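Enquirer: In case you want the letters, here they are:
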Amino acid sequence: EAGVAQSPRYKIIEKRQSVAFWCNPISGHATLYWYQQILGQGPKLLIQFQNNGVVDDSQLPKDRFSAERLKGVDSTLKIQPAKLEDSAVYLCASSITGDGETQYFGPGTRLLVL
Amino acid sequence: KQEVTQIPAALSVPEGENLVLNCSFTDSAIYNLQWFRQDPGKGLTSLLLIQSSQREQTSGRLNASLDKSSGRSTLYIAASQPGDSATYLCAVTGANSKLTFGKGITLSVRP
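Line order of the protein sequences matches chains A and B.
Following my numbering from start to finish, the first sequence increments by one per residue and tops out at 114.
Following my numbering from start to finish, the second sequence increments by one per residue and tops out at 1111.
It is possible that part of the hints are untrue.
Computed, partial: chain B to chain A, Cβ under 10 Å [said to hold, decoys possible]:
| no. | residue |
| --- | --- |
| 1 | 1006 |
| 2 | 1009 |
| 3 | 1012 |
| 4 | 1042 |
| 5 | 1043 |
| 6 | 1044 |
| 7 | 1090 |
| 8 | 1091 |
| 9 | 1096 |
| 10 | 1101 |
Since the hints were derived computationally from the structure, they do not count as laboratory data.
Note that the structure is predicted; figures quoted are calculated from it, not measured.
All C-beta atoms in this analysis are idealised placements derived from N, C-alpha and C, irrespective of residue type, glycine included.
Just need the whole structure built from these sequences, with the hints factored in.
Expert: As structure tokens, then:
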């Protein structure tokens, strides 16, 4: 069974530029999560999708971050414009139903904003 | 608001030692607790998941315990090996199915 796929793996941009990350969850998983992990911290949930609907985006900085999950499969997370403090690893995870069962994580995208 | 604490932040032990990693959480109304492993530059791998009604789970050399009333969990690693070197994160699932993570413990096992 293929795992959660993410691309790109690394990205370096200058502040005020825009960037987009892509995630393809495990086939059949209804729930998709985007997390932000700053160096030395645990992952923080940014947004949770159930199929193509948003369940929780309370910690998403909506003035600069946006995410979509068209057709309820893969998802894109965008940052525009990026700030220095956005430097982090962006992790995508998926689970079958979202009812507290195990989440499967992708390898992450490491973003450096200069 | 749920808070998860893992102390110490880093630990270095000689190969072969049995060790215990600690995790504490402030709100005992949890659905389950998970221990994850994170290797440098990689994503998270779930090691053990303990439901709120359970006391412990075992997988190979790993044993995780849960004391929900006191808000504590431990991950026991038997006969540690250099390949166990990684960051270990504890996370609790609240009633809203949301995962709250600790900052992790970076373990180094010296040959």
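Enquirer: Do the numbers back the hint for residue 1006 (chain B), that is, is its least Cβ distance to chain A under 10 Å?
Expert: holds (8 Å)
Enquirer: Does the interface hint hold: is residue 1043 (chain B) within less than 10 Å of chain A, judged Cβ to Cβ?
Expert: With Cβ-Cβ at 4 Å, under 10 Å, it holds.
Enquirer: Next item in the hint list is residue 1044 (chain B). Is there a CB on chain A closer than 10 Å to its CB?
Expert: Check passed: Cβ of residue 1044 (chain B) comes within 4 Å of chain A, closer than 10 Å.
Enquirer: Closer than 10 Å between Cβ atoms is the bar; does residue 1012 (chain B) clear it against chain A? Give me holds or violated.
Expert: violated (17 Å)
Enquirer: Close enough to count: is the Cβ of residue 1042 (chain B) nearer than 10 Å to one in chain A?
Expert: With Cβ-Cβ at 6 Å, under 10 Å, it holds.
Enquirer: Would the hint on residue 1091 (chain B) stand, with a C-beta cut-off of 10 Å toward chain A?
Expert: holds (7 Å)
Enquirer: With a cut-off of 10 Å on the beta carbons, see whether residue 1009 (chain B) makes it to chain A.
Expert: holds (8 Å)
Enquirer: Checking hints one by one. Is residue 1101 (chain B) an interface residue toward chain A, by the C-beta closer than 10 Å rule?
Expert: holds (3 Å)
Enquirer: Against chain A, with CB atoms and a cut of 10 Å, does the hint on residue 1096 (chain B) hold up?
Expert: holds (8 Å)
Enquirer: With 10 Å as the cut and Cβ atoms as the points, is residue 1090 (chain B) at the interface with chain A?
Expert: holds (8 Å)
Of the numbered hints listed earlier, the single one contradicted by the structure is hint 3.
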